[in-house]
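Construct the entire structure; sequences and hints are all you get.
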Amino acid sequence: MDAEAGMHAVQVIGRVEVVDRSVQDGAELVSTLAKGLDVLAVLAGGELLGNLQIAQRVGLSKATASRLCTTMAALGYLRLDERTRKYAMGARLLAMGATVQHRCGLLRLAKPLMISLARDTGMVVGMGARERLGMVCLDVANDEGVSVGTSSVGSVLPMADTAMGLAYLAHAGVAERISVLRQLQVAYGRDWKAVRERIEEAMTQYRRQGYVIRHRSCEAGVTAVAAAIELPGHLGVVAFTCATEANSPEVTARLQRAGAGLLDMAAALLRGAVPGR
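Residue numbers (the numbering used here): 1 to 277.
Rather than coming from a laboratory, the hints here were simulated on the basis of the structure.
One or more of the hints may lead you astray.
Using C-beta positions, here's what the derived DEER-type ranges look like [to be verified]: (1) D191 with E82: 42 to 48 angstroms; (2) L52 with G272: 44 to 50 angstroms; (3) Q209 with P232: 22 to 28 angstroms; (4) Q209 with L40: 33 to 39 angstroms; (5) G173 with G105: 44 to 50 angstroms; (6) L52 with A253: 48 to 54 angstroms; (7) Q209 with G154: 27 to 33 angstroms; (8) L40 with A260: 37 to 43 angstroms; (9) M96 with E47: 17 to 23 angstroms; (10) D264 with L40: 32 to 38 angstroms; (11) M96 with A63: 47 to 53 angstroms; (12) A268 with E47: 31 to 37 angstroms; (13) E82 with R196: 23 to 29 angstroms; (14) G173 with S152: 27 to 33 angstroms.
In the EDC-like style, the derived pairs of lysine to aspartate or glutamate whose C-alpha atoms are separated by at most 16 angstroms in a straight line are [what the hints assert, rightly or not]: (15) K111 with D264; (16) K111 with D139; (17) K86 with E47; (18) K193 with D161; (19) K111 with D143.
Please read these numbers as outputs of a predicted model, since none were measured by experiment.
All C-beta atoms in this analysis are idealised placements derived from N, C-alpha and C, irrespective of residue type, glycine included.
As structure tokens, this is what we get:
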């Protein structure tokens with residue numbers, strides 16, 4: 001697929017993408033708003049960060065970061081720690097997150113199902129949603145003593161390099177998928193051919209069996225299986241994954257059993273995921 005003329009640039013830095021938002025699929029964006037939302041995303045991990053740290057992580061000047069943080073602190077979205085003079089999430093932002101969780105009930109419904117699946121499979125079970133060209137981890141469950149990879153709640157993993165991201169992409173609507181593929185092509189540059197083949201293979205798997213297996217994840221030594229669902233009430237697509245050590249015995253058979261478990265869990269979740277509950 002050819003990149004759209006005039007498409008914005010995407011630079012992959014570690015696990016997080018920094019996007020030039022002057023153009024997003026042909027639509028003009030409000031740059032100040034975009035920068036402010038980036039600041040909120042950086043602080044969503046719960047760290048206390050100073051203006052310089054925020055500026056470096058978002059790609060802003062220190063003066064711009066300072067103005068944005070001062071404004072958002074005044075509105076209650078950020079909180080200034082008086083002792084360290086650093087910023088954290090504010091009460092207004094926390095309240096918004098709590099309201100969203102209460103409205104869709106997703107985490108409340110999914111957690112016991114994830115714990116049960118982790119116990120049955122002996123794998124780490126994760127839930128994620130799209131964050132630009134990555135998947136942000138919304139929740140994690142694992143059987144006692146089982147720990148795979150470094151993913152934690154709030155971490156962002158690259159979409160094209162993980163089973164979770166590939167399952168999300170396979171399940172997404174056509175318009176969203178086309179938009180993401182165009183952005184991925186720009187992000188991966190000369191490596192795009194291999195990435196495109198990986199995505200096509202994942203979509204074939206998804207059509208055939210309802211889940212995607214990724215034997216070599218972005219995290220060394222980790223292999224995973226993932227499936228995705230679209231929640232009712234326009235709440236969007238979320239993906240679930242089971243991850244284990246790549247060299248574990250009978251790993252392919254275990255992943256296939258876990259994939260079937262993911263489909264059962266997704267069906268159970270959809271039966272209970274009623275907006276407003």
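Hint-by-hint comparison with the structure:
| no. | hint | in the structure |
| --- | --- | --- |
| 1 | D191 with E82: 42 to 48 angstroms | 47 angstroms, holds |
| 2 | L52 with G272: 44 to 50 angstroms | 45 angstroms, holds |
| 3 | Q209 with P232: 22 to 28 angstroms | 24 angstroms, holds |
| 4 | Q209 with L40: 33 to 39 angstroms | 38 angstroms, holds |
| 5 | G173 with G105: 44 to 50 angstroms | 23 angstroms, violated |
| 6 | L52 with A253: 48 to 54 angstroms | 51 angstroms, holds |
| 7 | Q209 with G154: 27 to 33 angstroms | 30 angstroms, holds |
| 8 | L40 with A260: 37 to 43 angstroms | 38 angstroms, holds |
| 9 | M96 with E47: 17 to 23 angstroms | 19 angstroms, holds |
| 10 | D264 with L40: 32 to 38 angstroms | 36 angstroms, holds |
| 11 | M96 with A63: 47 to 53 angstroms | 27 angstroms, violated |
| 12 | A268 with E47: 31 to 37 angstroms | 35 angstroms, holds |
| 13 | E82 with R196: 23 to 29 angstroms | 51 angstroms, violated |
| 14 | G173 with S152: 27 to 33 angstroms | 29 angstroms, holds |
| 15 | K111 with D264 | 14 angstroms, holds |
| 16 | K111 with D139 | 8 angstroms, holds |
| 17 | K86 with E47 | 9 angstroms, holds |
| 18 | K193 with D161 | 14 angstroms, holds |
| 19 | K111 with D143 | 13 angstroms, holds |
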